[in-house]
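Asker: Listed here are the chains, written in short residue letters.
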Amino acid sequence: MNPIDDQLNRLFKAAAKGEPDSAPTIPYGLETRVMAAWHAAKTREIGSWDMGLLVKGLIVACVIMVISFWPALTTEITASNPFADFLNLTDSTVSSDDAP
Amino acid sequence: MTDAEVTECLARGREGDDKAILELFHYMYPHVTKLVQANLPARESAEDLIQQVCIKVMSHLDQFSGKVPFLHWVSRIAVNTCLNQIRHEKRRPEVRLADLSEDESKVVEHLAASPGDLDASDYVGSKELVDKLLVTLRPADRLLMRLMYLEGRHVDEIASLTGWNKSLIKVRAFRARAQLRRRYSLLMKESP
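Respectively, the protein sequence lines represent chains A and B. Using our numbering, the first residue of the first sequence is number 1, and each one after it goes up by one. Using our numbering, the first residue of the second sequence is number 101, and each one after it goes up by one.
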């Protein structure tokens, strides 16, 4: 083996043993900061869920509005029929003839 | 913490239990710290990066499938966060013999003088010298050298941690090793 490679291998081997084994202590305040950030992220998540629900609600409301206005719109169209008045008159005549 | 305890903590954590999240934080903290400190970008605070990794893990608990051990998943997030941070790092200082500390110079002398393993008294100096040599490499190469030679991880493991394919890892490791060899040779030439 190349002497430089051999030396590098021995250097890495010794360096790996020089890594600290002891468990590091958590710095003061880090735990609180992490928990606060997690809470904030969770709140944002809930907020975005609410916004989605709101949008879905609005879509459903629009659909209900269109469905409920549909008969009125069709009546409007019928009303624009030129024979509509004549038909109404005929209906009323028939109903008045039947009256006792 | 046993695997069963971790699973139970994860389940409670996903439901938003503060106590479970805190337990998970304490469990993963030493692991994250070790990884972040090993791959810390220059001029970056370890604490900030550790905080960033922990928050990422906790906010994405629902994405943990459980197919790999929890700490393995955490490692991947930590490594990727470090990689993202060091990607834009440009400055790579040269290492000169004159810049080495007394301990580091001794290590260089001992390595050249005897063919055997170094003494325990040289371990800290070796670690510092390796750190200085690694800083001269590109961030991704530095990370790879650390994982491979200091942590003794296998190519498969590195592939799953970094998301790089095995061929890329082998090529990158070969080139990084050649660069380290060149830098170390220069040091040896300067040494009396």
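It should be emphasised that the hints constitute simulated quantities derived from the structure, not laboratory data. Virtual Cβ for every residue (Gly too), placed ideally from N, Cα, C. Take the hints with a grain of salt, since some may be wrong.
Using 20 Å as the maximum straight-line C-alpha spacing, the simulated EDC-like pairs for lysine to aspartate or glutamate come out as follows [to be verified]:
#	chain 1	residue 1	chain 2	residue 2
1	B	Lys232	A	Asp6
2	A	Lys13	B	Asp203
3	B	Lys232	B	Asp203
4	A	Lys17	B	Glu251
5	A	Lys42	B	Glu123
6	B	Lys134	B	Asp117
7	B	Lys232	B	Glu194
8	B	Lys270	B	Glu228
9	B	Lys119	B	Asp162
10	B	Lys134	B	Asp148
11	B	Lys289	A	Asp5
12	B	Lys266	B	Glu228
13	B	Lys134	A	Glu31
14	A	Lys13	B	Asp117
15	A	Lys42	B	Asp118
16	A	Lys13	B	Asp217
17	B	Lys232	B	Glu209
18	B	Lys289	A	Glu31
19	A	Lys17	B	Glu209
20	B	Lys266	B	Asp256
21	B	Lys167	B	Glu251
22	A	Lys42	B	Asp117
With beta-carbon atoms standing in for the labels, derived distance ranges [as the list claims (entries may be wrong)]:
#	chain 1	residue 1	chain 2	residue 2	range
23	A	Pro3	B	Ser267	49 to 59 Å
24	B	Asp203	A	Pro3	51 to 61 Å
25	B	Ala212	A	Ala40	52 to 62 Å
26	A	Thr32	B	Arg112	17 to 27 Å
Asker: For each hint, tell me whether it holds in the structure or not.
Answerer: Verification of the supplied hints:
1. B:Lys232 to A:Asp6: holds (19 Å)
2. A:Lys13 to B:Asp203: holds (16 Å)
3. B:Lys232 to B:Asp203: With Cα atoms ~13 Å apart, Lys232 of chain B and Asp203 of chain B stay inside 20 Å; holds.
4. A:Lys17 to B:Glu251: holds (10 Å)
5. A:Lys42 to B:Glu123: holds (18 Å)
6. B:Lys134 to B:Asp117: violated (27 Å)
7. B:Lys232 to B:Glu194: Holds, at about 9 Å.
8. B:Lys270 to B:Glu228: Answer violated: Lys270 of chain B to Glu228 of chain B is near 25 Å, above 20 Å.
9. B:Lys119 to B:Asp162: The given pair, whose Cα atoms are some 17 Å apart, holds under the 20 Å limit.
10. B:Lys134 to B:Asp148: Holds. Lys134 of chain B to Asp148 of chain B sits at ~14 Å (cutoff 20 Å).
11. B:Lys289 to A:Asp5: holds (15 Å)
12. B:Lys266 to B:Glu228: violated (29 Å)
13. B:Lys134 to A:Glu31: Holds, at about 17 Å.
14. A:Lys13 to B:Asp117: Answer violated: Lys13 of chain A to Asp117 of chain B is near 43 Å, above 20 Å.
15. A:Lys42 to B:Asp118: With Cα atoms ~11 Å apart, Lys42 of chain A and Asp118 of chain B stay inside 20 Å; holds.
16. A:Lys13 to B:Asp217: holds (8 Å)
17. B:Lys232 to B:Glu209: Holds, because 16 Å separates the two Cα atoms, which is no more than 20 Å.
18. B:Lys289 to A:Glu31: Measuring from Cα to Cα gives roughly 48 Å; hence the hint is violated.
19. A:Lys17 to B:Glu209: holds (19 Å)
20. B:Lys266 to B:Asp256: holds (7 Å)
21. B:Lys167 to B:Glu251: Since the Cα atoms of Lys167 of chain B and Glu251 of chain B sit roughly 23 Å apart, the hinted pair is violated (cutoff 20 Å).
22. A:Lys42 to B:Asp117: holds (11 Å)
23. A:Pro3 to B:Ser267: 49 to 59 Å: The hint (49 to 59 Å, Cβ to Cβ) is violated, given that Pro3 of chain A and Ser267 of chain B are roughly 29 Å apart.
24. B:Asp203 to A:Pro3: 51 to 61 Å: Given range 51 to 61 Å: violated, Cβ gap about 22 Å.
25. B:Ala212 to A:Ala40: 52 to 62 Å: holds (55 Å)
26. A:Thr32 to B:Arg112: 17 to 27 Å: holds (20 Å)
In summary, the structure is inconsistent with hints 6, 8, 12, 14, 18, 21, 23 and 24 from the numbered list given earlier, while agreeing with the others.
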